[in-house]
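Please work from the sequences and hints to get the whole structure.
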Amino acid sequence: MVWHRGELGDPGSLDPHKATTLIESNILAELFEGLVSHNARGEIVPGVATSWTVEAGGVVYHFQFRDDAKWSNGDKVVPADFVYAFRRLMAPETGAPYANILYTLKNAEKINKGELPVEALGVRAIGDTCLEITLEHPAPYFIAQLAHMTAKPLHERSIKEYGSDFVRSAHIVTNGPFMLKDFTPNDRLVLDKNPYYYDAAQVALDSEIFYSLEDRSAALRRFMAGEIQSYNDVPLDQITFVRSHLAEAFKVTPSLGSYFYAFDTRHKPFDDRKVRRALSMVIDREFLAERIWGTTMDASYSFVPPAITGYETPSMVKWKDMNPYEREDEAKRLLAEAGFGPGKETLEVEIRFNNSENHRATAVAVADMWRVLGVDTRLLATDATSHYAFLRERPPFDVARSGWFADYPDAQNFLFLAESDNKGLNVTSFSNMTYDGLMDDAQSESVPKRRSAILHRAEALLLEEQPYLVLLTYRSRNLVSPKLKGWEANVLDNHPGRYISIAP
Amino acid sequence: MLRYFLSRLVTAVPTLFVIITLAFFLLRLAPGGPFDSERALDPEIAANLRRIYRLDLPLVQQFWLYLQSLAHGDLGPSLHWRDFTVNELFAKALPISVKLGTLAMLVAIIVGTALGLAGSLRDNGLGAHFVDGAALVGIVLPVFVVAPLLQLGLGLSLHILPVGGWNDGAWQNMILPVFTLALPQIAVVARLMQAALRDVLTKPHIRTLRAFGMPGWFIHVHALRAAFPPVVSYLGLAAANVLTGSVIVETIFGIPGMGRYFVDGALGRDYTLVMGTVIVVAVAVVLFNLGVDLLLAWLDPRVRVESRPQ
Numbered sequence: 001m002v003w004h005r006g007e008l009g010d011p012g013s014l015d016p017h018k019a020t021t022l023i024e025s026n027i028l029a030e031l032f033e034g035l036v037s038h039n040a041r042g043e044i045v046p047g048v049a050t051s052w053t054v055e056a057g058g059v060v061y062h063f064q065f066r067d068d069a070k071w072s073n074g075d076k077v078v079p080a081d082f083v084y085a086f087r088r089l090m091a092p093e094t095g096a097p098y099a100n101i102l103y104t105l106k107n108a109e110k111i112n113k114g115e116l117p118v119e120a121l122g123v124r125a126i127g128d129t130c131l132e133i134t135l136e137h138p139a140p141y142f143i144a145q146l147a148h149m150t151a152k153p154l155h156e157r158s159i160k161e162y163g164s165d166f167v168r169s170a171h172i173v174t175n176g177p178f179m180l181k182d183f184t185p186n187d188r189l190v191l192d193k194n195p196y197y198y199d200a201a202q203v204a205l206d207s208e209i210f211y212s213l214e215d216r217s218a219a220l221r222r223f224m225a226g227e228i229q230s231y232n233d234v235p236l237d238q239i240t241f242v243r244s245h246l247a248e249a250f251k252v253t254p255s256l257g258s259y260f261y262a263f264d265t266r267h268k269p270f271d272d273r274k275v276r277r278a279l280s281m282v283i284d285r286e287f288l289a290e291r292i293w294g295t296t297m298d299a300s301y302s303f304v305p306p307a308i309t310g311y312e313t314p315s316m317v318k319w320k321d322m323n324p325y326e327r328e329d330e331a332k333r334l335l336a337e338a339g340f341g342p343g344k345e346t347l348e349v350e351i352r353f354n355n356s357e358n359h360r361a362t363a364v365a366v367a368d369m370w371r372v373l374g375v376d377t378r379l380l381a382t383d384a385t386s387h388y389a390f391l392r393e394r395p396p397f398d399v400a401r402s403g404w405f406a407d408y409p410d411a412q413n414f415l416f417l418a419e420s421d422n423k424g425l426n427v428t429s430f431s432n433m434t435y436d437g438l439m440d441d442a443q444s445e446s447v448p449k450r451r452s453a454i455l456h457r458a459e460a461l462l463l464e465e466q467p468y469l470v471l472l473t474y475r476s477r478n479l480v481s482p483k484l485k486g487w488e489a490n491v492l493d494n495h496p497g498r499y500i501s502i503a504p
Numbered sequence: 001m002l003r004y005f006l007s008r009l010v011t012a013v014p015t016l017f018v019i020i021t022l023a024f025f026l027l028r029l030a031p032g033g034p035f036d037s038e039r040a041l042d043p044e045i046a047a048n049l050r051r052i053y054r055l056d057l058p059l060v061q062q063f064w065l066y067l068q069s070l071a072h073g074d075l076g077p078s079l080h081w082r083d084f085t086v087n088e089l090f091a092k093a094l095p096i097s098v099k100l101g102t103l104a105m106l107v108a109i110i111v112g113t114a115l116g117l118a119g120s121l122r123d124n125g126l127g128a129h130f131v132d133g134a135a136l137v138g139i140v141l142p143v144f145v146v147a148p149l150l151q152l153g154l155g156l157s158l159h160i161l162p163v164g165g166w167n168d169g170a171w172q173n174m175i176l177p178v179f180t181l182a183l184p185q186i187a188v189v190a191r192l193m194q195a196a197l198r199d200v201l202t203k204p205h206i207r208t209l210r211a212f213g214m215p216g217w218f219i220h221v222h223a224l225r226a227a228f229p230p231v232v233s234y235l236g237l238a239a240a241n242v243l244t245g246s247v248i249v250e251t252i253f254g255i256p257g258m259g260r261y262f263v264d265g266a267l268g269r270d271y272t273l274v275m276g277t278v279i280v281v282a283v284a285v286v287l288f289n290l291g292v293d294l295l296l297a298w299l300d301p302r303v304r305v306e307s308r309p310q
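Protein chains in written order, with the numbering used here: chain A, 1 to 504; chain B, 1 to 310.
No wet-lab data here; the hints were simulated from the structure.
One should not assume that every hint holds.
Keeping only pairs whose Cα atoms sit at most 20 Å apart, straight-line, the calculated SDA-like set for lysine to any residue is [said to hold, decoys possible]:
(1) LYS423(A) with PRO43(B)
(2) LYS18(A) with GLU88(B)
(3) LYS181(A) with GLY169(B)
See below:
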């Protein structure tokens with residue numbers, strides 16, 4: 001039984017400490033199992049750890065290990081494998097791009113910046129059955145973070161023997177339900193069932209083959225021909241055809257991703273929240289979602305997408321239920337107060353975006369919607385790398401397209417994008433002491449309900465201030481053969497092969 | 001002939017050096033770097049990565065180090081496919097692209113010549129009109145239209161051939177991409193051959209053959225050698241077209257050749273990968289042109305005489 005999976009590209013690396021993309025995350029989840037993992041519905045379930053306890057006000061965790069967890073060479077998976085992996089992740093010489101995801105571990109950031117030795121990391125093996133992890137501060141999302149690809153264990157002996165070549169199919173030792181058989185870049189990556197996996201008896205697939213299919217239209221044809229049984233995108237210009245001909249196979253699911261425009265709040269006139277709010281109010285998000293994105297996106301009035309367990313309904317902009325005419329009047333009034341409009345200065349805005357058909361169409365539509373306010377809008381498209389380099393360097397700009405997908409399902413993973421000290425990711429340069437204070441309060445709050453309430457207040461404040469003009473919430477788009485059993489839609493768009501079987 | 005070959009080869013070396021130098025520095029002028037993606041890296045982590053890949057050194061020093069590696073045949077590590085070196089990537093991809101390109105060129109020459117020959121048998125005959133029409137279609141239809149049409153027709157509707165994939169070079173998987181790549185070249189070769197044959201067939205030595213009562217097919221075959229030089233002159237350009245066309249064909253058919261590296265490397269600022277592809281393409285173009293010149297010299301002794309130092 002073989003699952004032929006189409007993916008949008010190749011993994012850049014199979015080393016969990018060098019990986020950065022969703023494609024890599026999907027493959028690494030098949031190869032390596034962390035202390036916890038995701039089930040078919042994207043929920044956290046025990047992995048190598050069977051259970052855990054939390055002590056010292058939510059800062060110290062003890063993980064009990066299953067005694068039948070093994071590596072693909074038959075070695076036992078022990079807490080020391082995690083200690084080794086976490087220390088390697090934080091060691092500066094590893095150059096792990098996403099080491100900061102686990103800065104929640106005690107001393108992790110200092111180690112990663114070369115200020116402390118790796119031995120200072122808050123991770124300790126207690127014999128062969130228990131792992132102790134100490135955090136910098138309470139983090140209710142920590143267990144979810146442990147399912148991230150950066151938190152996988154590594155087989156120390158094989159890395160010491162083969163160095164960076166440990167990822168080759170001839171050398172790699174993994175502990176997940178599958179093991180690497182072969183990888184030809186640009187062609188296919190073959191995974192075989194791992195006979196040493198503790199739950200191997202329940203794994204129905206013999207193999208999974210990932211195909212790197214960048215051309216969405218060609219992938220659609222291969223799916224229709226039955227050459228692949230799943231693909232995680234569709235060509236948006238053929239969405240009507242897909243909906244009418246492949247309705248049963250086309251799965252559109254809410255996702256934990258936000259599509260937004262970022263204002264440069266450092267400069268006039270975008271340092272004025274009245275201007276930002278006015279520009280936000282007149283945008284017809286439903287039009288963008290339905291007409292531009294073919295209902296493969298949802299209109300968004302919150303910064304945090306819905307469907308985060310424990311956060312429930314996100315805060316919404318206050319003007320959500322106003323009708324379009326009321327919104328327009330209010331927006332004109334706000335702009336006039338800010339010194340723009342009839343008889344006053346004309347507001348000029350330049351929208352920067354990474355070039356793609358839909359980003360362009362979105363920007364054109366937004367520019368058209370702003371016309372009712374008398375705004376003179378220019379569009380500036382560059383290739384993706386140039387666009388992101390621009391956002392990194394951050395010279396003055398007006399408005400730039402951006403977006404965010406959650407690393408772990410928690411509101412904090414969105415709201416931290418507006419923290420003053422988040423120099424790398426806060427592309428708006430928004431700085432608000434009250435907001436920062438609320439985020440700090442949420443960080444030190446260990447009671448989930450109280451923490452959630454604080455985060456809701458922070459989100460409401462963010463929506464009042466509008467440094468980010470949220471437009472849409474992403475939805476995942478999958479083509480899934482009806483023959484594929486056990487595939488379940490979920491907000492993480494996570495589909496482990498462990499739960500999949502294929503009908504004849 | 002050997003002297004001619006060697007002199008051409010020696011002049012190619014400075015050309016390659018200039019290409020490599022220009023490519024290296026122009027590439028760095030493009031905004032952004034290999035670690036710029038939707039998710040910005042922590043500045044200190046990004047600096048750490050630049051140090052690991054020695055991208056923090058002055059540009060001239062990086063260039064010198066690159067040249068040193070190149071002298072040892074080392075194209076460096078890929079910055080996107082981080083588990084592989086560029087040499088390793090090319091070792092797998094280049095033979096596939098060469099196989100695909102060679103087959104496409106062979107098909108173009110054989111089918112194009114045959115069509116040109118058929119079209120030249122009678123001026124304004126059915127054959128000539130057919131070749132003209134077919135050639136026009138072949139030239140006008142872009143690869144990105146032909147490929148999906150073939151996939152839809154022969155793959156999806158009739159189930160005769162696979163829609164895509166390489167499948168370790170199985171012949172079924174090669175037919176559609178080879179034909180797609182060859183089609184525009186078939187068209188050009190057919191028209192060139194047809195025109196050249198018509199011209200040759202009016203020459204005095206052909207009239208002499210006719211006067212001796214030789215059969216038509218014999219005369220045409222005899223005229224072929226004289227009609228080949230214009231076609232051969234085009235082959236260098238055809239090979240370059242096949243090379244660039246392979247980017248689209250390999251992407252649409254999901255073939256693990258060099259094509260994807262051209263685009264992905266450039267868009268992702270994978271400096272070493274782009275430099276590797278530039279070098280491979282430059283060497284290929286130099287070799288194609290050299291091969292064409294040698295073939296022309298073999299076919300037409302006048303070329304050898306003209307190229308000889310006076």
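Evaluated hints:
Proximity of LYS423(A) to PRO43(B) is assessed by CA-CA distance (about 9 Å); at most 20 Å being required, the pair is judged to hold. In summary, the hint linking LYS18(A) to GLU88(B) is supported, as the alpha carbons are separated by about 19 Å, within the 20 Å threshold. Between LYS181(A) and GLY169(B), the direct Cα distance comes to roughly 19 Å. Compliance with the 20 Å bound is thereby established for this hinted pair.
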